[in-house]
Structure formats: structure tokens, C-alpha cells
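Colleague: Single-letter residue listing:
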Amino acid sequence: MTVGGGAGGAPQSIEPKKLRIYGLVGSVVGIYLAYILNSVTGTNIFSFVGSLAALFAVVMGANAVRRVCAYGIGTGVPSIGMLALGMGIVASLFGLNIAEQLGIGILGVIVALVYSVIFGYVVGLIANRVMGFNIPIMEEGLSDLSGAGTMAIIGWSFAISGSLAYSAIVTNVINTGFLAIIFICGGLAILHPFNANLGPDEKQDRTLVNAVMVGGMSNIATGVCALLTLGLPAGMVQIVAGFAVWYYFYVWFFRLAKRDAAAVVGTGLLPPSAL
Amino acid sequence: MDAFGMGLVAALGALATVAGASEDIESDVGSQSNPNSQVQLAAQVGNPHRIYNKAIAGEPPSNALWCATAAIMAYVLIQGYHMPLLFAAAAGASLAALFNGVMATSAYLGRNASQARFNQWVYLDIIRYTTPSIMAHVWITSFCIVLISIIQVYILTPHHPFPIPVIALIWGLTVGAVGSSVGDIHYGGEREFQWRLFGQGLNTMLSGQIVRKAEAGLRNSIDNAWFCAKFGGPCTGMGFGLTVFLDNWRTTVFDPVNQAGAAIAMGVFFVIVMNLYNFYCELSARRKYGPYPGYKGDIAA
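Protein sequences appear in the order of chains A and B.
In terms of numbering that gives the first Met the number 0, the first sequence has 162 at position 163, counting the first letter as 1, and numbering is strictly consecutive.
In terms of numbering that gives the first Met the number 0, the second sequence has 172 at position 173, counting the first letter as 1, and numbering is strictly consecutive.
Calculated directly from the structure, the hints in this document are not laboratory data.
Here a beta-carbon is modelled for each residue, glycine too, at the ideal position from N, C-alpha and C.
Some hints here could point you the wrong way.
Said to hold, decoys possible - Computed footprint of chain B on chain A, listed as stretches where at least three residues anywhere in the stretch have a Cβ under 8 Å from a Cβ of chain B: (1) 31-44; (2) 215-228.
To be verified - Where chain A lies over chain B, by a calculated footprint (3+ residues, C-beta under 8 Å): (3) 51-63; (4) 68-79; (5) 101-108; (6) 134-143; (7) 184-196.
To be verified - Computed beta-carbon distance windows for the label pairs: (8) A/ASN174 <-> B/PHE268: 35 to 41 Å; (9) A/ILE97 <-> B/TYR80: 35 to 41 Å; (10) A/MET235 <-> B/ILE271: 50 to 56 Å; (11) A/GLY41 <-> B/MET5: 51 to 57 Å.
My request is simple: use the sequences and hints to build the entire structure.
Modeller: Here it is in C-alpha cells:
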């Protein structure tokens, strides 16, 4: 696609700083909340909270894609989403593993997050300085994307494995191959919103609502995986929660699309101006 | 090599052929991938249209998503609930089709709403009758790909060491890439632009000037599926089917451990033969249809 939004940054009503804080704090708090609830009750039924926490990261990531790609990257939208989740996989496995080896396993999420932000910044530097993208917010955008990808992967991995232990995630998420669906569904949740709303009249609220909608769909997918790893009750709770999020935000997205479209008609010929 | 293994390889090839064909038609119904840029541009150069605008991240990632979704469902049903393989694959494909419907409609609504200033309307009847067709094709594609993965992991010996979702993800990426490079050319080159002379390429001046009117009434995406099912779809199917069949054939005939050298040599042989055949096809097409009347010798670009 050659026609993106206009260059020079996308108009936005919610500040990226605010969204970054919501995204990072929401996902970290959500993942730890899920962990604590699971530990306190001694069940795995609250694993779905981890998948909901991932939605905060997804919104932050989708906003970063929107900001970076508004500089005229059109065909790069899918690539940058894949890049986010690729960086996220490296950072999350590194963080959880290193924290466990240092004996601070519980802080694995924070270690992964810090590592991912630095990782993203370095990739952004390489993209700008070495490859010559010359996008002013590239470093910032890729830090956001890397952080968002990492938190989304940890959130959904927790939703499938019910644990933050490195070995449990390797057994339940990587050896079963469920990482494939986290990677591709999570990647789509971050890249699809801007890609699906690409055009000069793209609006931030519509894009972000779309992000939560696709994120809800990913929760349904991880819920299906949890049916195998966590059992029927935990999996079904996750599927129902994911469906509720998806349904609410799909209806909202449809409403916003109707608000923004030139016209929404049941059927009809081309607009009179074009005939 | 045994007869059973060879039969399975033939079945893999057949399934891949069907998957490739349906994948290409699915992307053409929704104008995904490369032809999508022209559909997107059309409204922007003053040509609003009634063609589906399904922008889901290009074909390889989107097909990877459908196939991985179908695969996790099938894997969960097989491993956790001991369901029959065929039923599990069908259930997985149904989930993938539902996911596809969500993504396709959100892309159509979002893309057209983002072109409000060009007076591109959102037509709800297009969503109602085109989306089920897209979902049906995705069902066929993901069903075939998941069956290929299941055969590779559970039936074909030696069993594939990767888990089903990962294999399905990789096959999904592959079928998307094949469809994007084989079948989409047919749709983008010959359906969106029907009056071009051979060798003309796509002039920048013609960007966005796609065909919007049909033999009767306005063109829609179902018309495009009808057209692409005649050549682009089968070509994609043949391309993907041959890829799967030839690749598995060489490791079934030659043992991948003891006769690895022979298997690799056979692969190199296939690549050389295909390159020669491609070269012949291009020369033959140029001889029959060329040169472009406006051609005035080599001009520096």
C-alpha cells in the first residue's frame, strides 16, 4: 500500500505518553494480579486476567504502529507488527529465564519489560541511523512496540500456562506450539487496527477500539489453548471473557465506522458524484 | 519408500492443490494483498466502487493466522478430548472461518470509513453477501492445511517433530506467499485493468483507474471470484500443490538420514528444471504476444 496517512505524525486525541502509562502499568499490574489471584486461591481459574492484561499492551502497541506508520509506511504495517512480536518473544523468554536464574523469578516480568524497551530502542536506532528511515519517532515507537509485544506475549503465555515460571511456559506454550497462535494473533492485534483503518480519515479512537476488538479475539484463541493446558473450567472462563470483550468492542467499532463513513447504505449504486 | 507413504504424499499434494486454489480465490473475493492497493487508490483518485476492501496484513500473515487458529483447535480436540482427526480439523477450520469473518468485516468497514473525504460509501449488502464467500474459502484452505499438518505429525513416517500449530503456521505463510505471487497477478493484472496492451506494465497514470462496471451493473467481488476461479486460482493450487508434493516426494523416496545427499541433489534438480521451464514460458509469451507497440528500444529508466 502506498497511500498511508499524511506524513508528519497522526492527529491524536489521547496523548501517547498517557497511553504508554496505561499500557505498561495496566499490563504489569494485570499479570501480577492474575498471578496473585491464582496463587492465593490455589487454582488456575484466574489465568484469564492475564489475557485481559495483554489488551492494555495491545492498545499501546497499536497506537505506536499508528504513530510510526503515519509517516508513510504502508506495506510496512504488517512487518512492524511482526517485528514487535518477534522482539517480544526474545525479550520475554530472556527476561523470565534470567530472572529465574538470578533467583528473582517473580520479577521476571519487570526484567523482560526493561530489556525489551532497551532492545526496541536499539533496533530503532539501527533502523534510523544505519538503514536511514529518518522517522523522528522511530526509536520511541519501536521501544513502545517492543514493550507492548513483550507484555502481550507474557500476558497470553500466562493465560495459557497459568504460571510465570520459565519451565511451565516452555512446556505449555512453546513445546505445544501454542506460541504460534500467540505470535500471529498477537501480531495481528497490534498491526491490524491501523492496517484496517488506513486512509486519510483514520481516527485514533476507531483504531484503538479495533485493537481491543482483535485482542478480545486473541483471548478466545488463547482460551481454546487453555482448554488443553489448564482444563475445561479455566479455558471456558477465558473464552467467555474474550467473547464478551470482542462483542462489546465490535459493536462499538461498528458504531464508530458508521460515525466516520461518508455514508452507510443498505444497498445502492455509486455515489451520485461518481456516476 | 513404501506404497502407503507414497499414497500419503500424493494425498498431501492433492490437499495442497485445493488449499492453494481456495486461498487465492479467497484473497481475490476480498481484494487482499497486492491488488488491494489499487482498490484502495481507486476511491482516492475519484473512483468510488463497490468492491470489497479486505486489508488483513497481506496474505502470508493472514493465512498463517487462519491456519494456526484451525490448528490449535484441532490440536486441543485431538490431544485433550481424543476427537477423531477429521472432526477436529473441521472444527478448527470453522473457528478460523469465524475469525476471518471478523477481520474481513472490520477491514471493510475501517478502510471505507477512512476514505470519507473521497465519498467512498459503506455498502452493507456487500458485507452480507461477500463475507460468507470469503469465510467459506478460508474454511477450505485451513481445513486442507490442518489435514496436511495432521498427516505429517501423526501418520506419515517419520513423524514430523514440530507441534501441529507451528507446522500449520509455516504452511499458512507458504500458501499465502504462493497465492500472493502467483494468483494475485491474474486478478490485479487482468481483472482490475482489462484494456492494457501486452508489455505495457501499469502506467502510473492508470493507478486507481480500476474497472468498476461489469457486463451488467456495477462490478462486485463475487464477479472477481468467478473470473479468478478460471485461471489464477487453479494456477496457485498447482504451484502450491507441486511445492508440497515434490518436496515431500524427495524425502519419501530417499531416506532423509541415510540418503540425504540424494534428496538434496533431487531438490537442486527440481529448482534447475523449474527455472529453465520459467525461462521457456517467458520467451514463448514474448514471442507470441510481443513486442509492445509503443516499444522504441531500451530507454533508461
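Colleague: Next, verify each hint and record whether it holds.
Modeller: Going down the list of hints, with the structure as the test:
no. : hint                              : in the structure
1   : 31-44                             : violated (count 0)
2   : 215-228                           : holds (count 6)
3   : 51-63                             : holds (count 7)
4   : 68-79                             : holds (count 8)
5   : 101-108                           : holds (count 5)
6   : 134-143                           : violated (count 0)
7   : 184-196                           : violated (count 0)
8   : A/ASN174 <-> B/PHE268: 35 to 41 Å : holds (36 Å)
9   : A/ILE97 <-> B/TYR80: 35 to 41 Å   : holds (37 Å)
10  : A/MET235 <-> B/ILE271: 50 to 56 Å : holds (54 Å)
11  : A/GLY41 <-> B/MET5: 51 to 57 Å    : holds (53 Å)
Violated hints for the displayed structure, listed by number in ascending order: 1, 6 and 7.
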